[in-house]
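Combine both chains into one complex, guided by the hints.
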Amino acid sequence: MQSLLSIEWLKVKRYRTFWILTGCFAFLLAIWNYGISDGFLKMGAGDVNILSQAYSFSKVWSNLGFWTSIFVVFISVLIIILTTNEYQYRTNRQNVIDGWSRLQFYHAKWFVVLALTVATTLFVFLLGLVLGSSNGGFSDFPGDIEKLFYTFVLTLNYYSLGLLTAILFKRSGISIGIFFMYNLIIETLLKSLINWKLDFKAGNYLPLQCSDELLPFPLMDMAKTMLNIKDTPSMTAYVIVSFVWIALYYIIGRRILMKSDW
Amino acid sequence: MEPILSINNISKSYGPIQALKNVSFDVPPGCVFGILGPNGSGKTTMLGILLDVLKADGGSYKWMNYDNADEARRKIGSLLETPNFYHYLSAMDNLKIAAAIKQLPSDDRLDVLEKVNLTQRKDSKFQTYSLGMKQRLAIASALMGKPQVLVFDEPTNGLDPVGIAEIRELIRQLNAQGHTIIMASHLLDEVEKVCTHVAILKKGDLLLSGPVDEVLRSEDQIEISSNDAQQLLTTIKAMPGIWDAKISMNTITLSCDENISTADINRYCTDKGITLSHLLLKKKSLETKFMELTNN
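Top line first, the protein sequences correspond to chains X and G.
Mapping to this note's numbering: the first sequence position 13 is 13, numbers consecutive.
Mapping to this note's numbering: the second sequence position 64 is 64, numbers consecutive.
So here's chain G without its partners, still in its complex pose (with noise of 0.2 Å):
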C-alpha cells in the first residue's frame, strides 16, 4: 500500500546546530506512528517542517498522494506544539476559523468538542481556559471533518491523569475507525501504550524506525526465580543458549537465544532438580531500550 507520508533525506540546521540529519522514513497506512525522542531531538522541527510553518535545508516530504502541500494539509488535523487559538475568541468562533480554512463542507463543531468535553465552555472564551482545556480544544480542532490523518505533538501535555486516559483511549478509538496518527512524544510510556510504529529520534539522528514489536522481538529477556537463587544461577549459566545471567534481589534475568523459550527453561530446571518459583517472559521494555539508544 502507499504510504501515507513519505519523507527523505530531510535536514535542516538553526545556526550551528543540526536539528535534522538526513531523516528518511515512511508512514503506513492505518498505524498509529511514534515520533520518539528526548527533548531536543528534533521531533517538533520534523513535524514543523511536514506542516510547512518551518522550511527545510534539504529533502523532501510527501503526503499521500498529493502534489499540492497546501491541499493535503487541509485533509490533515494536526496539533503542533502549543494550541494556536485567538485568545478574545470563543472555542465556537476559533474553530469556525479553522473550518473555513479547512474549506469544510458540514460543521461538526459541537461533535468534536462533545467528543472532548468540552461542550459546556463551547461559548467561553479561549483566555479563560485552563492548559488542559487549550490543550482539548486543539485536539476538537484537529478533528473536525474527519481527516483520515491526524498529527499530534505531545498530545498529552497539560492534561490531568483522566484526561490522558481519555486522549488516548481516543487516539486508540480513531485508529480502529481507520485514521492514521502520527504523534510526537518524548513519554515512553505514552508511545508503548498506543503505538504501532516507533521512529526514534536522537540530536537529529534518526536511530531506527519501525513496529513497535519487530523493534522489541530480539530483545526478550526472561526472569526465574528459586530457594536458592545462588544455585540457580550456577546452574543456569550452564544451559546452552544463554548468554547472561544477572541476579538481583534473589531473581535472575536472563538473556537468551531467540528460540530458547520459558517452557524449555523450566524444563531444564527441573532436569537438574530445581523447582522455579517464579517464571516470566519479559519484553524489553521501550524504555531500556530508549535508554540505551540515546544514552551514549
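Looking at chain X on its own, in the form it has when it is part of the complex (with noise of 0.2 Å):
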C-alpha cells in the first residue's frame, strides 16, 4: 500500500490541477462555514441567521457535515480528472508495461481515494475544533462527534463514485459531466419517483442519496423534532447501505479493469 500511495505521490506533487482543487475546497469550506458562524454569511431570509447559533460543539459536526457533503463533489471532480489523464496520457498502459499489475493500478487508484478520505475528515475536524472552541469552548465537546464519521462515510463514497465514473467513462469531461447530471438532477427524480411509487421510502437508498441521508441540512433535525416526525429508516442503515454501494463500486470497478483491454 505504502508503494503505491507513494508512486501515486510522485504523480500528483507538480500537478497545479491537484493543488488549485485540493487549496479551492480547503479554503472555501473553512471561508463558508466562518461566514455563517461569524454572520457576514447569511442563510435565511432577509437579515436573518438561522445557522450562526449552530457552531458551537453540540451542532458544529451536523453543520459542518453538511456544508462538506456538498463541498466534496470538488474534490470528486479532481479524483476523475487524476484518473481519466491516465487513460488521457495512456499512462495506465505504462503502469502495467513497466511492471504494476492491473490490480496495483486499480488499489493504488482507491489509495488515493482512501487518503483523500481520510485527509476530509482529518481537515473537517480541524475546522471543528477551531470553529467549536471558538464558539461556546469545550464544555460541550466533543458533542454530535457522530455526524463525523458520517462525514467520513459520505465522503468515500462520493470520492470512490467519481473514481467509478472515471474508469466507465475514461474521458474527463464526458465523466465529470454525468458525475455532475447524475448528483443534481438523475438521482433527485429517480428519488422522488420512487418514494413516490412506493411506501417504503427506498429511494433514500439510492447510491449518493443514502449518504446524504447521514448529514441532512442542520434545522431538519430540529424542524423534525418540533413537528415530531418519527424518522423511520435509522442512520446504522443509511451507513451499512453506504457502505454497501461503495464494495460495489469497488467490484464493478475490479471487473471493468481486468477483462478489458487497456
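Check each hint, because a few of them may be wrong.
To be verified - Listed next, the in silico DMTMM-like pairs over lysine to aspartate or glutamate satisfying Cα-Cα at most 20 Å (straight line): (1) G:Lys102 - X:Glu8; (2) G:Lys202 - G:Glu192; (3) G:Lys96 - X:Glu8; (4) X:Lys13 - G:Asp93; (5) X:Lys13 - G:Glu114; (6) G:Lys122 - G:Asp111; (7) G:Lys203 - G:Glu154; (8) X:Lys259 - G:Asp70; (9) X:Lys259 - G:Asp111; (10) G:Lys146 - G:Asp70; (11) G:Lys125 - X:Glu8; (12) G:Lys282 - G:Glu292; (13) G:Lys75 - G:Asp107; (14) G:Lys115 - G:Asp57; (15) G:Lys21 - X:Asp144; (16) G:Lys55 - X:Asp261.
Derived from the structure by calculation, the hints contain no laboratory data.
Structure representation (C-alpha cells):
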C-alpha cells in the first residue's frame, strides 16, 4: 500500500490542478463555515441568520458535515481528472508495461481515494475544533461527533463513485458531466419517483442519497423534533447501505479493469 | 538455450476482425528479433498482449523463466506504440515514476538521458517536447536498469534521419552488450539493417519466422551483363541449373540452383566466348520477399 501510494504521490505532487482544487476546497469550506458562524454569510430570509447559533460543539459537526457534503464534489472532480488523465496520456498502460499488475494500478487509485477521504475528514475535524472552541468553548466537546464519522462515509462514497465514473467513461469531460448530472438531477428524480411509487422510502437508499441522508440540512433535525416526525430508517441502515454501494463500486471497477483491453 | 520468449497459439479478435490467428514462435536469447508486417497486421496487438495491456482470446506466452508475468515486465524495457508520460511532469520526474514501478535499486536516469541526448532538456515538461524527443524519452525509460530484454514498437517513429541512425546504432550496441531486442516495424529497411531474426505477420497470420539469413538464403539472385545483352540472354538460358533469366536495361537477372556460384557462370560465359562486363551476387532483398509474401 505504502509503495503504491508513494508512486501516486509522485504523480500529483507537481500537478497544479491537484493543488488548485484541494486548495479551493479547503479554503472555501473554511471561509464558508466561518462566514456563517460569524454572521456575515446569512442563511435565511432577509437579515435572519438561522444557522449562526449552531457552531458550538453540540451542533458544529452537523453543520460542518452538511456543508462538506456539498463541497466534496470538488474533490470528486479532482479524482475523476486524476483517473481520466491516465487514460488520456495512456499512462495506465505504461504503468502496467513497467511492471504493475492491473490490480495494483486499480488499488493505487483506491488508496488515493482513501487518502483523500482521510485527509478531508481530518480537515473537517480541525475546522470543527477551531469553530467549536471559539463558539462557546470546549465545555460541550465532543458533541455530536458521530456526524464526523458520517462525513467520512459520505466523502468515501462521493470520491469512490468519482473513481468508478472515470473508469466507466474514460474521458474527463463526459465523466464530470455524467457525475454532475447524476448527482444533481438524475438521483433527485429517481428518488422522488421511487418514493412516490412505493410506500417504503427506497429512493433514500440510492448510491449518493443514502449518504446524503446521514447529513441533512442542520435545521431538519430541529424541524422533525418540533413536528414530532419519527425518523423511519435509522442512521445505521444508511451507513450500512453506503458501504454496500462503495463495495459495489469497487467490484464493478475491478471487473471492468481486469477483463477489458487497456 | 532456453528462449527469452515463447509464444504459444495466441489468438485475438476485435469483434469480427481477427487480429491474430494462432501465432506461435520463440525468441532466442541474444538476438535482435524483428516482427515485421504491413499496417494492421497485428504487430502492436501481439506486443500489447505480451505486455498485458491487451487480453488474448486464447493461447499463452512465457517470458524467460518467470512464472509471474508482472515480475517479468519489471525486467523488460518496453516502448509500446506511443510514448506515454505525464504531460505536466519533467523527463526526470516521469522517469522517477517508471523507476519506482520497476523497483530499480539505483538511479541511472542521468545515464539513460545522456544516451538519448536529452540531458539538456531533462527538467523541461514532457508537453514541451517535440515528437522525436518524446520518442527518445520513451527509449531512455526502457533503458533504465539495463534490462536483459528490450521491446521496441516502431522505435524510430517520428525521429529525423540522424535520430534514426543513432537509434539503430544504439540497438546494435545494446545487442552487442548481450541485450535481447524484440522490435516491431513496418520499415523493411530497418529490420534488414538491424535484425538477426524475423517473424512476418500478415492480417494476423504468421507467414514465417527464423534467422534473417536462413529466410533469405535460397532467394539469391545473380546479375550479369555484357556488350551484347541479347546474345548473353540466349546463351545463359541454355546453361544447366539456370531456371529463369530476365532482362531489363541490358542487365540480366538470373534465378538459379543453390549450388551455382558466380564463378561457375563466369567460367561458362568465357567458355562460350562472352566477356562479362558485370557480375553481381545479390541477396534477394527482404523488401522483394515481403512484397511477395504480403501482396497476394
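Next pair to validate is Lys282 of chain G with Glu292 of chain G; report whether the Cα-Cα distance is within 20 Å. Holds, at about 17 Å.
Pairwise hint evaluation, Glu192 of chain G against Lys202 of chain G, where the allowed Cα distance is 20 Å at most: 18 Å, holds
Is the Cα-Cα distance between Lys55 of chain G and Asp261 of chain X 20 Å or less? 6 Å, holds
Hinted pair, alpha-carbon criterion (20 Å max): Lys115 of chain G, Asp57 of chain G. Please report holds or violated. With a Cα-Cα distance of about 39 Å, the restraint between Lys115 of chain G and Asp57 of chain G is violated, given a limit of 20 Å.
Lys13 of chain X and Asp93 of chain G were given as a pair; does the straight-line alpha-carbon distance stay at or below 20 Å? 10 Å, holds
Mind checking the alpha carbons of Lys203 of chain G and Glu154 of chain G for me, to see if they're no more than 20 Å apart? Holds. Lys203 of chain G to Glu154 of chain G sits at ~18 Å (cutoff 20 Å).
For Lys96 of chain G and Glu8 of chain X, compute the direct alpha-carbon distance and say whether it is at most 20 Å. 12 Å, holds
Distance restraint between Lys259 of chain X and Asp70 of chain G, which requires alpha-carbon spacing of 20 Å or less: 16 Å, holds
Would you check the hint for Lys21 of chain G and Asp144 of chain X, treating anything up to 20 Å between C-alpha atoms as holding? 65 Å, violated
Quickly compare the C-alpha distance for Lys75 of chain G and Asp107 of chain G to 20 Å and report which way the hint goes. Cα-Cα ~15 Å, so holds.
Run the distance test for Lys122 of chain G versus Asp111 of chain G: straight-line Cα separation, threshold 20 Å. 11 Å, holds
So if I understand the rule, the pair passes when the alpha-carbon distance is 20 Å or less; does Lys13 of chain X with Glu114 of chain G pass? 26 Å, violated
Violated hints for the displayed structure, listed by number in ascending order: 5, 9, 14, 15.
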